[in-house]
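Asks: As given, the protein sequences belong to chains A and B, one line each in that order.
Residues in the first sequence are numbered consecutively from 1, following my numbering.
Residues in the second sequence are numbered consecutively from 1, following my numbering.
Incorrect hints may appear among the rest.
One copy or two, either will do: identical chains are not told apart, so a pair holds if it fits within one copy or between any two.
[To be verified] In silico DSS-like cross-links for lysine-lysine, where the CA-CA straight-line distance does not exceed 27 Å: (1) K168 / K10; (2) K134 / K8; (3) K179 / K8; (4) K134 / K124; (5) K86 / K168; (6) K64 / K179; (7) K63 / K181; (8) K174 / K145; (9) K179 / K63; (10) K124 / K8; (11) K134 / K151; (12) K174 / K39; (13) K174 / K64; (14) K64 / K124; (15) K63 / K39; (16) K86 / K133; (17) K8 / K63; (18) K64 / K168; (19) K86 / K174; (20) K63 / K168; (21) K134 / K64; (22) K124 / K174.
Honestly, the hints are just simulated from the structure, not real lab data.
Below are the chains, spelled out letter by letter.
Number of protein chains: 2
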Amino acid sequence: MNDWYTYKQKAWERILRDKEIGYLDPDIFDVLEAFFKRKDTYTQSSCSGRITIVDAEFPWDRKKSSVVYKNHLGIGVEDFIRTISKGKVWNLWLTVQGPIFHVYTRTQEEAWEILRIARSAGFKHSGILTINKKGILVELRTGVKMVHLLKQNYIEEEMVNLVNIANKVLLKGKEKMQKLKIALENSLNSHDSMELGKNSERKSEVQYHLS
Amino acid sequence: MNDWYTYKQKAWERILRDKEIGYLDPDIFDVLEAFFKRKDTYTQSSCSGRITIVDAEFPWDRKKSSVVYKNHLGIGVEDFIRTISKGKVWNLWLTVQGPIFHVYTRTQEEAWEILRIARSAGFKHSGILTINKKGILVELRTGVKMVHLLKQNYIEEEMVNLVNIANKVLLKGKEKMQKLKIALENSLNSHDSMELGKNSERKSEVQYHLS
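Whole structure, please, built from the sequences with the hints as guidance.
Replies: The structure is reproduced here in structure tokens:
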């Protein structure tokens, strides 16, 4: 992986460009920054968590599905009414997704360390997806999730309760994202000291190494 | 990992015992069997997919949460009425979860092969969780998921529609599980021929190996 640091550099430039244009999730930049501060880590496509309303037979469908509402900061009752009043082709699903990070590390040792840090911050559904020229791809996910089947008509009370809980679920995901950012920042010192000492490397070689 | 085959043997005996007692999911045995037919693979805790109704503030809570309904084959309108009529402490969540398999492999090469097979069968949220004395732990998950906030009272039509769609979601997970079983069975021949030839090993050593 000679090009690894080039990939990291390109990924960072892409993030700055997306931030400039406004493509980047409004609340994710400082978390990505915390990842990039780790020498052997960079992030690819990531999401700070969002609320969507999707028109699809099933919420995981990609074909024959359209996103009719999407917001990373929450949903208001007015947004909700406006969106569902437009009708549907299949089913309307109100989906709240927690934060998801796709992280490339240079070494397996760093991948395990990222997983350890992420799990400590509540990213329990995290694992190594693959190894390719860009590095070792680690996906970090929380258990924060809501996938709610919507109907056509709501009484006010029911609608307000649904919107409130959806926003609470989103907030729980954002809290875990902040916890992750802090855990990453705290890890930097210990990570540096790991690099000074040899224990971590020796330990890693007992377990596995990348050839 | 000298004990690996002992762990596999113990895992298989545990499955047979659970099947005997009735602890095993009613529709999972032949899929587990297909995993065990692969020399370097065995399964740990796995789930064929299920519908639950959980009383909790948030559906992912473990503490302060109780499962008030659970069935791996589906839910009927009567079950639904009976369950929600008992009231709640927090919120009632109707959760449909697709199949999940926890697989231990003896080598990294086998872990990547299991991931390749699983993804080909629609288990898209799959990855390597950790490496320990039992082997390389791979989690196989689909995107099949419904996490629906329930209310106190339903009109018949709404309730019937909700129950129907929940059962359809469950069925989609079961279909992916059958696809995985077939993919595993089809892989056995090609796996054997991989063991005869040396190509696969050479390929694997270019990528990585377990030390």
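Asks: Could you run down the list of hints and mark each one as holding or not?
Replies: Going down the list of hints, with the structure as the test:
no.: 1; hint: K168 / K10; verdict: neither (35 Å within a copy, 44 Å between copies)
no.: 2; hint: K134 / K8; verdict: within (8 Å within a copy, 34 Å between copies)
no.: 3; hint: K179 / K8; verdict: within (24 Å within a copy, 37 Å between copies)
no.: 4; hint: K134 / K124; verdict: both (24 Å within a copy, 20 Å between copies)
no.: 5; hint: K86 / K168; verdict: both (25 Å within a copy, 25 Å between copies)
no.: 6; hint: K64 / K179; verdict: between (36 Å within a copy, 22 Å between copies)
no.: 7; hint: K63 / K181; verdict: between (34 Å within a copy, 25 Å between copies)
no.: 8; hint: K174 / K145; verdict: both (12 Å within a copy, 21 Å between copies)
no.: 9; hint: K179 / K63; verdict: between (35 Å within a copy, 20 Å between copies)
no.: 10; hint: K124 / K8; verdict: both (25 Å within a copy, 25 Å between copies)
no.: 11; hint: K134 / K151; verdict: neither (44 Å within a copy, 47 Å between copies)
no.: 12; hint: K174 / K39; verdict: within (25 Å within a copy, 43 Å between copies)
no.: 13; hint: K174 / K64; verdict: between (30 Å within a copy, 21 Å between copies)
no.: 14; hint: K64 / K124; verdict: between (31 Å within a copy, 19 Å between copies)
no.: 15; hint: K63 / K39; verdict: neither (39 Å within a copy, 37 Å between copies)
no.: 16; hint: K86 / K133; verdict: neither (45 Å within a copy, 55 Å between copies)
no.: 17; hint: K8 / K63; verdict: neither (32 Å within a copy, 40 Å between copies)
no.: 18; hint: K64 / K168; verdict: between (29 Å within a copy, 17 Å between copies)
no.: 19; hint: K86 / K174; verdict: neither (29 Å within a copy, 33 Å between copies)
no.: 20; hint: K63 / K168; verdict: between (29 Å within a copy, 18 Å between copies)
no.: 21; hint: K134 / K64; verdict: neither (32 Å within a copy, 42 Å between copies)
no.: 22; hint: K124 / K174; verdict: both (15 Å within a copy, 24 Å between copies)
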